[in-house]
Structures are given as C-alpha cells and as structure tokens.
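Number of protein chains: 2
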Amino acid sequence: MDAVDIATMLEELGRAARGAAEVLAETPAEGRRAAILAAADAIWDRRAAIARANALDMEAARARGLPTAMLDRLALDERRLGAIVAAVRAVADQPDPVGQVIADWTVPSGLRIRRVRTPIGVIGVIYESRPNVTADAAALCLKSGNAVILRGGSESFHSSGAIHEAFLEGLRAAGLPEAAVSRVPVRDRAAVSQMLRMSGLIDVIVPRGGRSLVELVQAEARVPVFAHLEGICHVYVDGAADPATASAIVLNAKTRRPGICGAAECLLIDRAFLERHGPGPVEALLAAGVEVRAEPPLDIPGTVPARPEDFGREFLDMIIAARVVEGVDGAIDHIRRHGSQHTESIVTEDRAAAARFFARLDSAILMHNASTQFADGGEFGMGAEIGIATGRLHARGPVGAEQLTSFRYLVEGQGTLRP
Amino acid sequence: MDAVDIATMLEELGRAARGAAEVLAETPAEGRRAAILAAADAIWDRRAAIARANALDMEAARARGLPTAMLDRLALDERRLGAIVAAVRAVADQPDPVGQVIADWTVPSGLRIRRVRTPIGVIGVIYESRPNVTADAAALCLKSGNAVILRGGSESFHSSGAIHEAFLEGLRAAGLPEAAVSRVPVRDRAAVSQMLRMSGLIDVIVPRGGRSLVELVQAEARVPVFAHLEGICHVYVDGAADPATASAIVLNAKTRRPGICGAAECLLIDRAFLERHGPGPVEALLAAGVEVRAEPPLDIPGTVPARPEDFGREFLDMIIAARVVEGVDGAIDHIRRHGSQHTESIVTEDRAAAARFFARLDSAILMHNASTQFADGGEFGMGAEIGIATGRLHARGPVGAEQLTSFRYLVEGQGTLRP
Numbered sequence: 371m372d373a374v375d376i377a378t379m380l381e382e383l384g385r386a387a388r389g390a391a392e393v394l395a396e397t398p399a400e401g402r403r404a405a406i407l408a409a410a411d412a413i414w415d416r417r418a419a420i421a422r423a424n425a426l427d428m429e430a431a432r433a434r435g436l437p438t439a440m441l442d443r444l445a446l447d448e449r450r451l452g453a454i455v456a457a458v459r460a461v462a463d464q465p466d467p468v469g470q471v472i473a474d475w476t477v478p479s480g481l482r483i484r485r486v487r488t489p490i491g492v493i494g495v496i497y498e499s500r501p502n503v504t505a506d507a508a509a510l511c512l513k514s515g516n517a518v519i520l521r522g523g524s525e526s527f528h529s530s531g532a533i534h535e536a537f538l539e540g541l542r543a544a545g546l547p548e549a550a551v552s553r554v555p556v557r558d559r560a561a562v563s564q565m566l567r568m569s570g571l572i573d574v575i576v577p578r579g580g581r582s583l584v585e586l587v588q589a590e591a592r593v594p595v596f597a598h599l600e601g602i603c604h605v606y607v608d609g610a611a612d613p614a615t616a617s618a619i620v621l622n623a624k625t626r627r628p629g630i631c632g633a634a635e636c637l638l639i640d641r642a643f644l645e646r647h648g649p650g651p652v653e654a655l656l657a658a659g660v661e662v663r664a665e666p667p668l669d670i671p672g673t674v675p676a677r678p679e680d681f682g683r684e685f686l687d688m689i690i691a692a693r694v695v696e697g698v699d700g701a702i703d704h705i706r707r708h709g710s711q712h713t714e715s716i717v718t719e720d721r722a723a724a725a726r727f728f729a730r731l732d733s734a735i736l737m738h739n740a741s742t743q744f745a746d747g748g749e750f751g752m753g754a755e756i757g758i759a760t761g762r763l764h765a766r767g768p769v770g771a772e773q774l775t776s777f778r779y780l781v782e783g784q785g786t787l788r789p
Numbered sequence: 371m372d373a374v375d376i377a378t379m380l381e382e383l384g385r386a387a388r389g390a391a392e393v394l395a396e397t398p399a400e401g402r403r404a405a406i407l408a409a410a411d412a413i414w415d416r417r418a419a420i421a422r423a424n425a426l427d428m429e430a431a432r433a434r435g436l437p438t439a440m441l442d443r444l445a446l447d448e449r450r451l452g453a454i455v456a457a458v459r460a461v462a463d464q465p466d467p468v469g470q471v472i473a474d475w476t477v478p479s480g481l482r483i484r485r486v487r488t489p490i491g492v493i494g495v496i497y498e499s500r501p502n503v504t505a506d507a508a509a510l511c512l513k514s515g516n517a518v519i520l521r522g523g524s525e526s527f528h529s530s531g532a533i534h535e536a537f538l539e540g541l542r543a544a545g546l547p548e549a550a551v552s553r554v555p556v557r558d559r560a561a562v563s564q565m566l567r568m569s570g571l572i573d574v575i576v577p578r579g580g581r582s583l584v585e586l587v588q589a590e591a592r593v594p595v596f597a598h599l600e601g602i603c604h605v606y607v608d609g610a611a612d613p614a615t616a617s618a619i620v621l622n623a624k625t626r627r628p629g630i631c632g633a634a635e636c637l638l639i640d641r642a643f644l645e646r647h648g649p650g651p652v653e654a655l656l657a658a659g660v661e662v663r664a665e666p667p668l669d670i671p672g673t674v675p676a677r678p679e680d681f682g683r684e685f686l687d688m689i690i691a692a693r694v695v696e697g698v699d700g701a702i703d704h705i706r707r708h709g710s711q712h713t714e715s716i717v718t719e720d721r722a723a724a725a726r727f728f729a730r731l732d733s734a735i736l737m738h739n740a741s742t743q744f745a746d747g748g749e750f751g752m753g754a755e756i757g758i759a760t761g762r763l764h765a766r767g768p769v770g771a772e773q774l775t776s777f778r779y780l781v782e783g784q785g786t787l788r789p
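So the protein lines, in turn, are chains A and B. For our numbering, add 370 to where a residue sits in the first sequence, where the first one is 1. For our numbering, add 370 to where a residue sits in the second sequence, where the first one is 1.
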C-alpha cells in the first residue's frame, strides 16, 4: 500500500470512528458494559483461534531472531488469556464514568451549574508487541464512551487481530457500531505517521512501547499525547526505615518484573540507615542476582562501580544504581535531578519524613512503604490501564476509564438574565 | 531588540518563572492568598499611577486610529479599576485548590491511594488590549500555585505594566519571588513566537484575544493551549417556551454585551413556537436595534435576508442570524453543523426537551432558561477566568484556578509488596 492509499484508508477509518463515537456518547452505560462483557466471553470462546494466531506471530518473531524478552511479551498461553479476560471483565464492572456529576453548585444569580463527565471522542492507541494492550485499550475506551483506533506492532499482528475480532463480536452482540473499536489493518509504519497528523479525527494518542516509539510520537504528533518517556523510579531507604521492610520493598521493586516501567532503577540509602543497619538492601539485591552499580560507601563486594550516567538511567533489567544520600532532603535533591516524574517510594517509619517526601516531590505517583511495582492501573483499582502518563495535563499516572473522559457544564436557570 | 536577544531574554524569564513555580508549589495557601490580597490593595493604592499609564496607552491608541470598540476595551476608569480589584479579591477568597484531595480510596492490596491537586507549573498568557487580563491571570495563577508569564498587547503596554507593578508589590509583601508574576518587557511580536516554542519552560499557553491571535497560537504552539477560537453561541426557543421569558433571554443573550464570546450569534425558533406565539423574540431584537438576518418565515419587516454564511458566524456586534427549526432535534442538528461548541441555551418549560438538548449536544456549556452571557468564570463562581476553553482535554468552559491545577497520586502502604 502506498502512502496515499494509507492516508485515504486512515481518513476513512477516522471518519467511521468519529461516527461511532457519536453513537457511543449516547449509548447508556448498560449497552457499553454489555459489549465489553460479550467481548470478554468472545475472547475466551475463541481462545483456540487466538492461540493459532499467536503461534503465527511467535513463529515469525523467532525467524526474525527477536530477543527472548520480546518473545516473552508476545506469547499468549491460556493463563495469560485468562488474565486478559479477567481484566476486560474488571473494566466492565467499574463504575461508569459517562454522565457522572463531578460538581454541582448554585451561584448567587440563581443558576444551578453541574459539571458532568462526557467522553473525549476518538482515542488512537499505538503500541508495540504486547497483545493484551488490544483488549485493555478497547475495553477502557468503550467503558469511557470513546471510539478507539488501534495500531498494534507488526510483531503481534495476528494475535491483536484475533483479539480485535472478539471485540467486534461483542459490539455486534450489543448492537453497537463495529467502528467503535477500529484497527489499522496494515503493518506499514506510514500508518503511524498518518495517525499522528489526524488532529480533526483523533482527539488523543496513547503510545505504548519503548522509548524510541514514545519519542517519535511526542516529536511528530499534532494531536495531544498521553505518555511517559521513561520510568526512572527511585526507592529511598530513610534512616528511620525498618530494615526488613526496606530490603523486601527494594527487592520487590527491582526484581518482581525488572522490565516494566514501575520497576525501581535507583536505590538511595540514607547515610543514617547505613550507619545503623548496614547495607542490607544492597545485599538482598546481590543475593537475588541483581547487578548493583554502587558508589562508595555502598561498594561492598559483589557490586560494580557506578558511573555518573548510571543515575537517571532506565535499565529495564536486573541492574540497579545505588547511592548514599543525606536524609530525605538528599533523596529529594537526587530525584529532582535524575528522576522522570513517574514513581518514587520512601521506606520509613517516620511519618514526618514521608510527609516531606510527598510534599516536595512532584512525580505522578509517590509511595510510602510500598513497592514501586504497584504503579499500575489494575493495582490502582481501575481494572486496567491504557497507559501511564507523566505529563501534567488532563491525565497523569495510570490512565483508566475516568481519565479518558472530558466534561461539560449543564446550567439551569429560571429565565435568568445577566445584569 | 533582535530575535536572538529576545530568545535569550525569554529563556531567562522562563527559567526564573520555573524557579518561582517551585517556590509557589511549596508555599501554603495563606501565603499565596496574602500576596493576591496585597496586590489588590496595591492596585487600588496606585490607581492614580495606573490612570496615568492608561492615559498614555489611550493617547497612542487614538493617534493610531484604533476603532472605538478597541478604545473602549482599553480604557480604565476608577469604576473599572474597582471591578478589577473586586475580581482579584474574589479570586483570593476562593477555596484553595492546591493540596485538595480529589479522591481517596483503598485497594485490596491494602494500599491507600489519594489523588491530590498540584499546580501545573508555569502558565503563559498572551493577550490583546484588555488590561484586566493582567490582573485576572496573575491572581488565578497565584491562587493555583502557578507562576505566570504575561505578554499583553502593545496597545495596553503601559496599563498592564502599572497593574503588573502592583502584583510585584503584593509578592514582595508576602515574601514570594517576583518571578512568580513575570511580564515580557518588550512589545516585539517575536516574543510571542518564542513563547510558543518554550515547551520545557512553559507548561500551558492561554491566548486571550481575537480569532487571528488564537489561530496563530494554535497553529504555532509546541506547548499545550487552553483556548476557544470562536463563540458561535445559539439560543433555541422551543415550542414549549414561555414567550416573555424567550424574548427576555434572547435580548439579553445578544445585546447585553454583543462583543463578548458568550454573546448569542444565532436565534433558532421552533416552528411550533412561531405558530403559537408569533415572532416575538425577533421583534424584541429589532426594537433594540439589532440587525436580524432572518430566513423565511422569520423575514418580518425590519429584518434583512439571511445568507447561508450568516449561520455559523461570529458577529460580535449588534447582528444576529435567525432561522426556524423543527423542534429540539432540528435545533440540535443545526447547532451540530454550525456551532463552535462554546455555549448554547434552550428556552422551554418542557423538561424533557431540555434534557434532550443537554444529552445530545456537546458544547462546553449548555444552558436551560438562561442567557448565554453567563458563560463567564466570574458568573460561574470562580472569581474570574483566565479564559474559556472549547478543547476537550484538561480544561473546558471558563478556566478558573481549579482547572489550572494538575494532580499526583500519594500512595501509602505497610511494607506492601506486589505479588
């Protein structure tokens, strides 16, 4: 397909999605919920077909020699498909955001003003190899009354297509237009550039993938973007931390899944903690097989020397940078300089230190005595997430159905005139 | 000043504003409120100096032969200055948005999650001749914990400068950095282009002015923009409207101030109303001296024939387009085709018709039995507004202090690990 054909095709896709968005905006909650639940059933009913589609993708990926981590992200077994179905159902069972009254007040002129949630319109989702994004994004957009245009990576082309088919079945079952969940049916990269320019037809773009994809989208998009470039998450072990809690949180934050954006990339230890309790968190990481790139005095046997560029770096691997800081203010200074405003955690029994950490840092998510791996829409109770945003406008942190809405004002008078 | 110097100067201004924003973000509500109240006092104390500055601007404007409407917007007498001071005080007395807990919930893992309001950072305001924007924008940004960079039109250069001085005095009195309310000290247009490109130093741009300014900003900005291009506001008189109420609302919506964005530009009359009550609202407009561009059967004596391009047009003058429609659905169709998603009002005693109008239209503001002239932050109880937005992301409708905030998540665990 040449560029002109792709532009025409996407324009048609966009117009159909816009029309579907108008229908969705007037569809009651129950109708959208029914479509999502029917799609969940259809995914499960079609699990054999989805497995066959996934096998095609896996075969092609192996033939292309893709790295193991990417193969792992791509693979869909029955357990993973069950988790996808559960996430879709969890989204369906969330409170419906559309029509919610966010605020309701009466002004001295006698006008009653209500601020009411409304869908945004059409969401474009550009993602790499994870097939579950197809299901999460489709379910969240339907829940929030938005149409979605999905553009998955070419690696997951068949798997995403098979999951998309299940959503079309769900939409048909609920009597909703199929264009509500649209999918770009070509693998061509030109389709991405085209989507980024469709400012009249797509209201928001959500890129899900590595730094290079997000950078491309942020640089080229003429449409607003909800995204994070990097998750350079910090865990700060305060002088007043419980040492067992500290080691457990540091270990979980780094090793549970080292490749997700909420994984810790830097360990900051208060000098007071080190003097009182020793380098327990570093020892725990080493014992778990993590490469600890440490500055003195954390350079205990087994660590490797940290270079300056290891701070403020997203390893997405079993590697962590480690440094001693002077109390909570030292941690705050370090994070302000090197962080990416994604997620940071303080481990301490001192509520004043935690309050200072919360007050003086401005990441999307700040945690106290909890693992940074909880930076996730599902764990936040949103059922799923369409992505995590570190921008400051509209959406921030895990983006669920509620943040995929806009609002409008409904104003009631009694023949009220402005003096 | 050449372009390089302007770029350097704005970069320095931007850095200083960013630094001030960090201070403001940690300044308690009382400190920011004190600065705003001290600025209000300073405006009043300096009213003689402000009048002298305004006289300079007026003189230059008359010499340049600016139209009367623009001279009127520019003029500051003691009454208008009193209104500016009152608006600044009203903003100071609003509830402080910063630190407000928007949501607070606990998830099954045991984490307590709070979503808390936080300032956005640095707001850039680019405006034309109205000197009151200087005060409204500065007050609202301080209230929301943001630093602001003001770039007023060259017509109001001295007036804005004198009001800006009062804010600097307020900041000094409260011990806050002067860079919290920064002003571009040159008249050069290049400063606007430069501001639109300062994506690292300015978080949001708010343009306040005519269509050409807003179009320029929207086309060139590499920074998010809160704006509306046009206010093509409709009043729909339903078959079930009370005729006296209908005429009063139509008249107020058009004539109270025909040049504001919330002024009605198009009157839609239900055929059933016309048959039952006649063209009363049109007669009322004619009697008030409004040019009514009417289609048959509204082409009563005194009207002029409407051309197709009169629908969907922002007159900002004593001119209105008028058309008969078939019921509320006819009005909805017309508004969807010709509106600018700013503000529309339905006049009816039929609650079902009003509900349908509210449900099926998606303007920023929908009204029932009220004048569209209420589309204003002050009238919405926000003290003032920095602008009105018709975009769908983050801010919509009148933008007050609350919508100049972002949020972050504060998460508390008890050594909580993710399984």
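By construction, these hints were calculated from the structure, which means they are not laboratory data. Please note that a few of the clues may not be correct.
As the list claims (entries may be wrong) - Covered stretches of chain B (in silico footprint by chain A; criterion: 3 or more residues with CB under 8 Å from a CB of chain A, positions within the stretch not fixed):
#	region
1	374-386
2	406-419
3	733-744
4	774-787
Yeah, the Cβ is synthetic: ideal placement off N, Cα and C, and Gly gets one too.
Each hint tested on the structure:
no.: 1; hint: 374-386; verdict: violated (count 0)
no.: 2; hint: 406-419; verdict: violated (count 0)
no.: 3; hint: 733-744; verdict: holds (count 11)
no.: 4; hint: 774-787; verdict: holds (count 12)
Hints 1 and 2, counting from the list given before, are not met by this structure.
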